[in-house]
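**Q** Residue numbers (numbering that gives the first Met the number 0), protein chains in the order written: chain A, 0 to 191; chain B, 0 to 160.
Among the hints, erroneous ones may be present.
Once the Cα atoms are required to be at most 35 Å apart in a straight line, the calculated DSBU-like pairs of lysine-lysine come out as [what the hints assert, rightly or not]: (1) B/Lys42 <-> B/Lys3; (2) A/Lys15 <-> B/Lys42; (3) A/Lys15 <-> B/Lys3.
Under 10 Å between C-beta atoms, here's a sample of chain A residues computed to sit facing chain B [as the list claims (entries may be wrong)]: (4) Met0; (5) Asp9; (6) Pro17; (7) Arg30; (8) Arg135; (9) Asp136; (10) Pro137.
Bear in mind the hints are in silico, worked out from the structure with no lab data behind them. Note that the coordinates shown come from a computational prediction; the quantities given were computed from them, not determined experimentally. For each residue, glycine too, the CB sits at the ideal point set by N, CA and C.
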Amino acid sequence: MTEIDRLVRDYYREAKLPAARVDAILAAAPRRSVPARVWYVRIAALAAALVVAFASLHLYLVGRDTEARVLAEIAMNHKERLEVEVTAADFPGLDAALDRLAIRIRPPASLTAGYDLIGGRYCSIQGSLAAQIKLRDPASAAVHTLYATALTPQLAQLSNHTTVHDGVRITLWHDSEVFYGLAADALPGAVD
Amino acid sequence: MDEKHLLQAGFCYGLALTASRPDAEDLVQEAWYRLCRRHGRVKNRSLLFVAIRNLYIDRMRRHALVVFESLDVANEAADDRLDVFAGVIAARDLEVPLAALRSEEREALFLAVVEGHTAAEIAALTGRSRGTVLSLIYRARAKLRRALAGDGAPRQEGVGR
Numbered sequence: 000m001t002e003i004d005r006l007v008r009d010y011y012r013e014a015k016l017p018a019a020r021v022d023a024i025l026a027a028a029p030r031r032s033v034p035a036r037v038w039y040v041r042i043a044a045l046a047a048a049l050v051v052a053f054a055s056l057h058l059y060l061v062g063r064d065t066e067a068r069v070l071a072e073i074a075m076n077h078k079e080r081l082e083v084e085v086t087a088a089d090f091p092g093l094d095a096a097l098d099r100l101a102i103r104i105r106p107p108a109s110l111t112a113g114y115d116l117i118g119g120r121y122c123s124i125q126g127s128l129a130a131q132i133k134l135r136d137p138a139s140a141a142v143h144t145l146y147a148t149a150l151t152p153q154l155a156q157l158s159n160h161t162t163v164h165d166g167v168r169i170t171l172w173h174d175s176e177v178f179y180g181l182a183a184d185a186l187p188g189a190v191d
Numbered sequence: 000m001d002e003k004h005l006l007q008a009g010f011c012y013g014l015a016l017t018a019s020r021p022d023a024e025d026l027v028q029e030a031w032y033r034l035c036r037r038h039g040r041v042k043n044r045s046l047l048f049v050a051i052r053n054l055y056i057d058r059m060r061r062h063a064l065v066v067f068e069s070l071d072v073a074n075e076a077a078d079d080r081l082d083v084f085a086g087v088i089a090a091r092d093l094e095v096p097l098a099a100l101r102s103e104e105r106e107a108l109f110l111a112v113v114e115g116h117t118a119a120e121i122a123a124l125t126g127r128s129r130g131t132v133l134s135l136i137y138r139a140r141a142k143l144r145r146a147l148a149g150d151g152a153p154r155q156e157g158v159g160r
């Protein structure tokens, strides 16, 4: 190191920010502030999350409400045990007789048990014209009622499942066009 | 390095840029606050130096004080009379000769001599070529030698105060 370099180094090493100034700067140093743009993004994200959450909750509650009303309707119709208006030996005959329906009445593919067809009548499910079809289980002689109506967006939200409602065991399901509900008397002890 | 030492290092760098203690104080304070606002705290020396340098350049542009000087005399011969004042001149005597240097020369000399950076490192830090950095350091030393050898302080140039 040359003499010049030593002098320069010593000059800068002796140069000191006054201690009071150092303390003042450190004491007054601002805390980190989040830019306004970041707050806008955070608020927008929170708002979007709330909208999604409310929409999901709304759909869930509407769906649950719809399911409860459909189950109550099917259970009530099943328990009223109204007589059939049209007797038919097979599904094509019943379909020809109940010609005001927006759907074709045919045995649902998922209904595998061998039921005997008794007949049917018009009814409604959630305000839509539906078929109430009476079936007899040859093994137990119990009469089951099958409900079929055109699939609506509201009904499409209901999941396929079996439950007991008001003493009636009800299975709900749908295919691409038709919404079905199969009702049977629940076994004693079955709970809602 | 704790915050107080960081501040002192920043102050010295600011002094190398401005050759003015009040300006160096203002510079390091404003750079410190900017970094605190952005990062919460000042994390390291290089970050502080970059902030100080950017702030200094902004101020110089605002006041249009940057003066360019040709480097065509970079290869002038070294003055061999330099060591005659060894032990005679105190570091404080450098204030006026240093202030008379161009800010680029002071900065390069400071980074080399005080911070211990190589010419290549200074080139990377300051965005200049290594050759330019070497020239700046050479010229700064030569001007100081002349001033301290009794040729009088170098003519005031650039932004030095």
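**Q** Would you mind marking each hint as holding or not holding in the structure?
**A** Consistency of the hints with the structure:
no.	hint	in the structure
1	B/Lys42 <-> B/Lys3	12 Å, holds
2	A/Lys15 <-> B/Lys42	21 Å, holds
3	A/Lys15 <-> B/Lys3	11 Å, holds
4	Met0	8 Å, holds
5	Asp9	4 Å, holds
6	Pro17	8 Å, holds
7	Arg30	7 Å, holds
8	Arg135	78 Å, violated
9	Asp136	74 Å, violated
10	Pro137	79 Å, violated
When each numbered hint is compared with the structure, violations occur for hints 8, 9 and 10.
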